[in-house]
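A.B. asks: If you read the protein sequences in the order shown, they are chains A and B.
The UniProt record's numbering puts the first residue of the first sequence at 1, with every later residue one more than the last.
The UniProt record's numbering puts the first residue of the second sequence at 1, with every later residue one more than the last.
No lab work stands behind these hints, which were simulated from the structure alone.
Honestly, I wouldn't trust all of these hints.
[Unchecked claim] As a list, the in silico DSS-like pairs of lysine-lysine whose alpha-carbon atoms are at most 30 Å apart:
#1 A/K77 x B/K250
#2 A/K61 x B/K294
#3 B/K294 x B/K419
#4 B/K125 x B/K50
#5 A/K61 x B/K50
The model shown is predicted, which means the values in this text are computed figures rather than measured ones.
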Amino acid sequence: MLGKGGKRKFDEHEDGLEGKVVSPTDGPSKVSYTLQRQTIFNISLMKLYNHRPLTEPSLQKTVLINNMLRRIQEELKQEGSLRPMFVAASQPADPLSDNFREAQPAFSHLASPPLLPADFVSTMPLESCLTPASLLEDDTFCTSPAVQHDGPTKPPPPALQPVKDSFSSALDEIEELCPAPTSAEAVAAESAADDSKAQPSESNIHKPEGLLESRTAESKLMDPLPGNFEITASTGFLTDLTLDDILFADIDTSMYDFDPCTSATGAASKMAPVSADELLKTLAPYSSQPVTPNQPFKMDLTELDHIMEVLVGS
Amino acid sequence: FLAGFGSLMQDVLWCFSQVKGTIDTGVTESDIISTVEFNHTGELLATGDKGGRVVIFQREQESKNQPHRRGEYNVYSTFQSHEPEFDYLKSLEIEEKINKIRWLPQQNAAYFLLSTNDKTVKLWKVSERDKRPEGYNLKDEDGRLRDPSMITVLRVPVLRPMDLMVEATPRRVFANAHTYHINSISVNSDYETYMSADDLRINLWNFEITNQSFNIVDIKPANMEELTEVITAAEFHPHHCNTFVYSSSKGTIRLCDMRAAALCDRHAKFFEEPEDPSNRSFFSEIISSISDVKFSHSGRYIMTRDYLTVKVWDLNMENRPIETYQVHDYLRSKLCSLYENDCIFDKFECVWNGSDSVIMTGSYNNFFRMFDRNTKRDVTLEASRENSKPRAILKPRKVCVGGKRRKDEISVDSLDFSKKILHTAWHPSENIIAVAATNNLYIFQDKIN
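Here chain A stands alone, though its shape is the one from the complex:
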């Protein structure tokens, strides 16, 4: 689970999650409420997307889990409505902070739920954001709802398109530089990240079995569309959804897509590789701009170096 080293043991975690109902208005227990909510969100995602039964999954169960996810999302949206959402790539009023924010999605998800903009992260030094452990230590994440965005205020754009632009471009560039981490891995990484984060992340190459299994399941989700339709049709419930709807519309898991800190070449070799091109093709309908592999890379090169170090080193 979240937390550094030995600080958060399993039973402590239990205490944090179980026991009395924590309402969002409690002051000091806001941390545990957010933690509880985040954990439940992760568990719910895992249940929906890691389960590949031979028989049709229970529609009742799927509906209840989906309602849970939606409720949490709604809550987060309301909390996040005080601050601007992700800045559209097409509105580069402040390129640097844009880039900064776009760089954050990969990491801020580790401590915060999706849809929360990375504004509070922008107050953090870049280095700490790159290291998930230090990121998770910082309690300002969990108690940050009142923190206002420092940068220029922008109206909340549609949640989908700008994120994908930066994501797809970032992913593409990473892909070019380092073939090991694939989008499939990235998507899978977060959903099982709870288990992996339970241990201290002194080593970024940390591969619990559950993570591998979930990655495999997630990589199947990243398969070209025909396979996806089969999966979605088989749930019965998600008949009309495409993979993109699942990932990016209804439940915005773009925050979970790329996590270089838990990926490594070792695991990559076991994955069914999904080319970034295929991913880009699926993302194309959602982009406000035509997405081309040659889109200028928005990230700072130094950030990229940091990422590379994390990926390859340690």
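Starting from the structure of chain A, add chain B where the hints point.
C.D. replies: This is chain B only, laid out in the frame that chain A set:
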């Protein structure tokens, strides 16, 4: 101890009577019992399992020579009701697990029951054969045709006694009417129709017609993305053939009148209890999902089971139940773990006794609970092999909720969540109960004095 059936304030001591099933510690998945049901007289007790089999037990005649063996249940018939199938369109298996069995009232010498898996309902006829015809003219005793030119004498075939044989034959197959998983079947009081309910639709069938059914409830939204609620159980009123109820995953019950419209999308009554704000949590919706709904024998009340409670509703009062019983409230603080291991989705059933004075439902650790509606007393009992000496009186169990654990109590953390009692049945007129504990069927009776 509970008030007994019928008369007031008679204490009932429950005793072990029988257990069916293997003692092996390793449980074959297909042997897991998935439904239990007495017939209308209590003479027969049917079980369905995950392997698609139906086993029917028959109560033996009480004999004066052995008064202590008060009508034991012995295997009467076993047959394979459903087979696994494959849905080629979705590339998914269709489980053969029997979700529900419902008996038809007996109208002749044969017994009829409905059994269903996720997709197909079948009407089975169970009949006895204790005579066979002998002395055919055109075929010999082995069934081989005789050469007509060799026949010189005509005779009339006669019926000769034979060893009792119980045959089960599928008389009707009601298929291809459900896109989603069937969770309930219910025989109408007119004995001519029955309904089958899946997650989103309820269909009305005539027993004689298998290629057609009427859709009477449809809650499927035009856009499946907007789906937030499913049907979880449905049942006909025991006396009014036009009335039925269905429950939902949001903890609501709708009572519908089929006379009002062909499609009963508009309920006649809507039962929902307002949420208790002090108990609100992330899991409020999930634990409010109703897993079973049962009319009382009188038809005046309905009982619902959600994850933590059993509720009794008066049909004339829609805004809240008249009674609420806590089954295992000590689980309220464990909901996150139970969500993680999926136990929170377990579907417990509930049953009335014959006089509607006592209700029973299952729990974990092979515990089951009974609530006396008159005395408001409740008891927790356990179905286990340790308590399985003949006529051994069941000792009440208690779960310790923190603090000092007394000698006989069991702490919440020691509960075995893999031992869940989801299915129980109560004899229609006597204090005999059947409790399904995974792959074992326990039969308990009240003590004979």
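A.B. asks: For each hint, tell me whether it holds in the structure or not.
C.D. replies: Hint check results:
1. Simply put, A/K77 and B/K250 have alpha-carbon atoms about 23 Å apart, close enough for the 30 Å limit, and the pair holds.
2. At most 30 Å may separate the alpha-carbon atoms for a hinted pair to count; A/K61 and B/K294 meet this at roughly 22 Å.
3. Distance restraint check for B/K294 and B/K419: the Cα-Cα separation of roughly 24 Å lies within the 30 Å cut-off, and the hinted pair is therefore satisfied.
4. A C-alpha spacing of about 21 Å is found between B/K125 and B/K50, which places the hinted pair at or below 30 Å, so the restraint holds.
5. Simply put, A/K61 and B/K50 have alpha-carbon atoms about 19 Å apart, close enough for the 30 Å limit, and the pair holds.
Checked against the numbered hints above, the structure violates none of them.
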